[in-house]
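Listed in order, the protein sequences are those of chains A and B.
So the first sequence is numbered by our numbering: it starts at 1 and just counts up by one.
So the second sequence is numbered by our numbering: it starts at 1 and just counts up by one.
Be careful, since some hints might not be right.
Identical copies look the same in the list; a pair holds intra-copy or inter-copy alike.
No more than 25 Å apart at the CA atoms, straight line, and that leaves these computed lysine to any residue pairs for SDA-like [to be verified]:
1. Lys219 x Ala32
2. Lys240 x His405
3. Lys240 x Pro270
4. Lys50 x Ala233
5. Lys240 x Glu271
6. Lys240 x Ser273
7. Lys240 x Arg217
Calculated directly from the structure, the hints in this document are not laboratory data.
Please read these numbers as outputs of a predicted model, since none were measured by experiment.
Protein chains: 2
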Amino acid sequence: MSTELRVGLLGCGVVGQGVLRLSQDNARAIEARLGRPVRIQRVYLRPTSKARPHLPAALISDDPRHVYAADDIDIVVELMGGIETAGQLIEAALRAGKPVVTANKALLAERAHELIALANQCGLDLYFEAAVGGGIPVIRTLRESLASDGVTAIRAILNGTSNYILSQMSRRGLGFAEALKGAQEAGFAEADPTLDVGGGDAAHKLAILTTLAFGVRLKTAQIITEGITNVDAIDIQFAKRFGYVFKPLAIAEAFEDGSLGLRVHPALVPESSIMAHVTDALNTVHIAAEALGPCILTGRGAGAGPTAVSVVSDVIDIGRNLLAKTAGRVPQRAFREEVMSDVRIRDRGARQGEFYMRFTVEDRPGVLAEIAGILGQESVSIAHLVQDAPDQGANAAVEVVLLTHAAREAAVEQALSRIDQLPHVRAPARRFRIEEG
Amino acid sequence: MSTELRVGLLGCGVVGQGVLRLSQDNARAIEARLGRPVRIQRVYLRPTSKARPHLPAALISDDPRHVYAADDIDIVVELMGGIETAGQLIEAALRAGKPVVTANKALLAERAHELIALANQCGLDLYFEAAVGGGIPVIRTLRESLASDGVTAIRAILNGTSNYILSQMSRRGLGFAEALKGAQEAGFAEADPTLDVGGGDAAHKLAILTTLAFGVRLKTAQIITEGITNVDAIDIQFAKRFGYVFKPLAIAEAFEDGSLGLRVHPALVPESSIMAHVTDALNTVHIAAEALGPCILTGRGAGAGPTAVSVVSDVIDIGRNLLAKTAGRVPQRAFREEVMSDVRIRDRGARQGEFYMRFTVEDRPGVLAEIAGILGQESVSIAHLVQDAPDQGANAAVEVVLLTHAAREAAVEQALSRIDQLPHVRAPARRFRIEEG
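Please construct the entire structure, taking both the sequences and the accompanying hints into account.
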């Protein structure tokens, strides 16, 4: 290592430019804290990349080997995104003896345990604070602060776009489509919002947190994933009447039999909870641990600034290790192949919890009794019920909304599939889970 | 270092026993994460200590040198409390070549910069995650996660007892004395609650956070400190009417001229804020940083479990450094004498902000006009005002409550001292600051 810490970037989009800006703007503070200046030495851009007018031409290379295998690079920072190429380049960097920082959640969700195993094998650091929760120090907290304790559950808001949309729907009484359009115009949602509003992005991040917190190997596909597209304005209003707020949750819970419940879905949380007030594009991670109790980390989950702070803090941390000649100081032993176990997923139907249900039915005698009868037969007990004033007109439909006491999810699903077949039920029932917040 | 990480405890009260329990209960997980088992090797108890029936007699020593200077101790953990002796023993441990973990906020509030300078000089680690916010990883976040960014403000709830009392007053409509009694019975307040409800404990913790976040030398006495004892049940009710909740805040703000505003006092925060919902004995630290934006850490601020988690995580972190032979790896350069500066405290009267004021006045014509007149003369502008229905009876008094627009604190104090002298004003005005939350 020279008198500077020389960083090579793979890719330079929004986050990369944030990293460049932060390392320039705070150069003196970073040098004071690390003991050496941090220098962005080279940037690999794919031939297909957009022009980067703010990037000095002398920094740019079109050959990734000039970053991951160059003698004058101390740390490789991968910010390209995508799975295939990014994964190959990270492996190549580790094999070439370079520690790596990455913000690539999609890649880590699929291959965190392999890549960390490779880093351990090479005696090198692989850090990824920016991959989950942007500027929120959740990875460091799980890895270091909770090193002495056992995590029992994680309940989180991990997708800022979904939280922004639900917040706007709640605040302004908007429907989903309208709120999505507003989020796109405000820059909080992509043109193709599927990964965000469908829950896929949150599932990626939950997979990474689960791997870290519980030391298991899993694939994102093993997580129950439901998007927020089914939440209607009317559900948000009914939830409010009962004292609840809709939030896009990501949950990992450990059960006594060693299985994990892993779910991403919108849920109702009590208005009095802290989580209900984590609004707009903010993210939050509520970690429950045995001795610690709750530890709740909240902040910006995305954006150039917060993400760059996490990337550069990882760079500084690795820089400290390089200066001290202790790459791999935090051994991430939870990821040694011999310690990691395959995840055992809790059966979806096994969840015991409260539910919100909404039925659109014809306004005629007996319908409510039929619904209540089926729920009773399936041992789903009703805690609260409201029936909305019927529409005017001949084909009047009413909305019946109820909250259940704790019930088994399998029983709820069974009841709902029976109710959906009743002759006077106009639309498939909506059901959402109620969670602690 | 032997095949074990051998820890010596100075003192073994509630937190010490938590450390013993945690290191036993989670021995396997800790060993997996550190690569060595952690062993409590010896415990120094003062001659005046209570009997510790759960502590094996073989562990106990009545000579502190057997902890801080013994060859078979790798890390010293100071949990005695108090300033004088604890400080001497920490210095002695560092001089004897032992890294130190401490949870002693009173000591660090006065001497953090000296002790860290000594640790740096000795090339040893001095960690103190447990000193602020119990189980909340705020020290690590300020030291590592925010290493690349500049902190602009800290707004925090740092005293669980005060938060518990104000929460109970709000939830159950209790007066201060009654709520304090309840807190004492529930074990959330000491027999002598002065340090908690008077703001001294929060000021200690704010001093430590300020030292870390802004790299300044300061004494707790330099912090404006007002306790919660002046908050009446009626103030909590009025605040609620206006959409606010009382919280015991600790605030450090950096101004453009390089000065710091440092204050501990109860304040009104908006009901819609996250902080308003951090209730009971929970603590929270809202860090605002330039690139990061907000980062909010919430959790249990006290108690054997959370505090022990922070202590043992510090032990593991230092253990990693010892194994890697890199004591002092995080150089805490912000504390090198040549980098630290003396704090410049912002003048109390300079605060610009909104205020809540309550006046108890005789129910007669003209009083309100006199109050409003004086406020106007002092350029304090009224945003909202309510006057409560008068008491029945001859000597009827009314409560006049108003919220101001942003005003200079010096002007507010000047106005209030004039109003207090009006003939028909029955009691000194109550004034509380309104903060962002």
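Evaluated hints:
For a Cα distance limit of 25 Å, the shortest separation of Lys219 from Ala32 across copies, 24 Å, qualifies, whereas the shortest one inside one copy, 41 Å, does not. In this assembly of identical chains, Lys240 and His405 lie within 25 Å of each other by CA distance solely inside one copy; the values are 18 Å within and 31 Å between copies. Taking the closest pair of Cα atoms, Lys240 and Pro270 come within 25 Å of each other both inside a single copy (9 Å) and across two copies (19 Å). In this homomeric assembly, Lys50 and Ala233 never come within 25 Å of each other (Cα to Cα): the closest approach is 39 Å inside a single copy and 61 Å across copies.
In this assembly of identical chains, the alpha carbons of Lys240 and Glu271 lie at most 25 Å apart whether taken from the same copy (8 Å) or from different copies (16 Å). With identical chains, the CA atoms of Lys240 and Ser273 are at most 25 Å apart both within one copy (13 Å) and between copies (17 Å). Taking the shortest alpha-carbon separations for Lys240 and Arg217, neither the intra-copy value of 39 Å nor the inter-copy value of 49 Å comes in at or below 25 Å.
Hints 4 and 7 from the earlier list are contradicted by this structure; the remaining hints agree with it.
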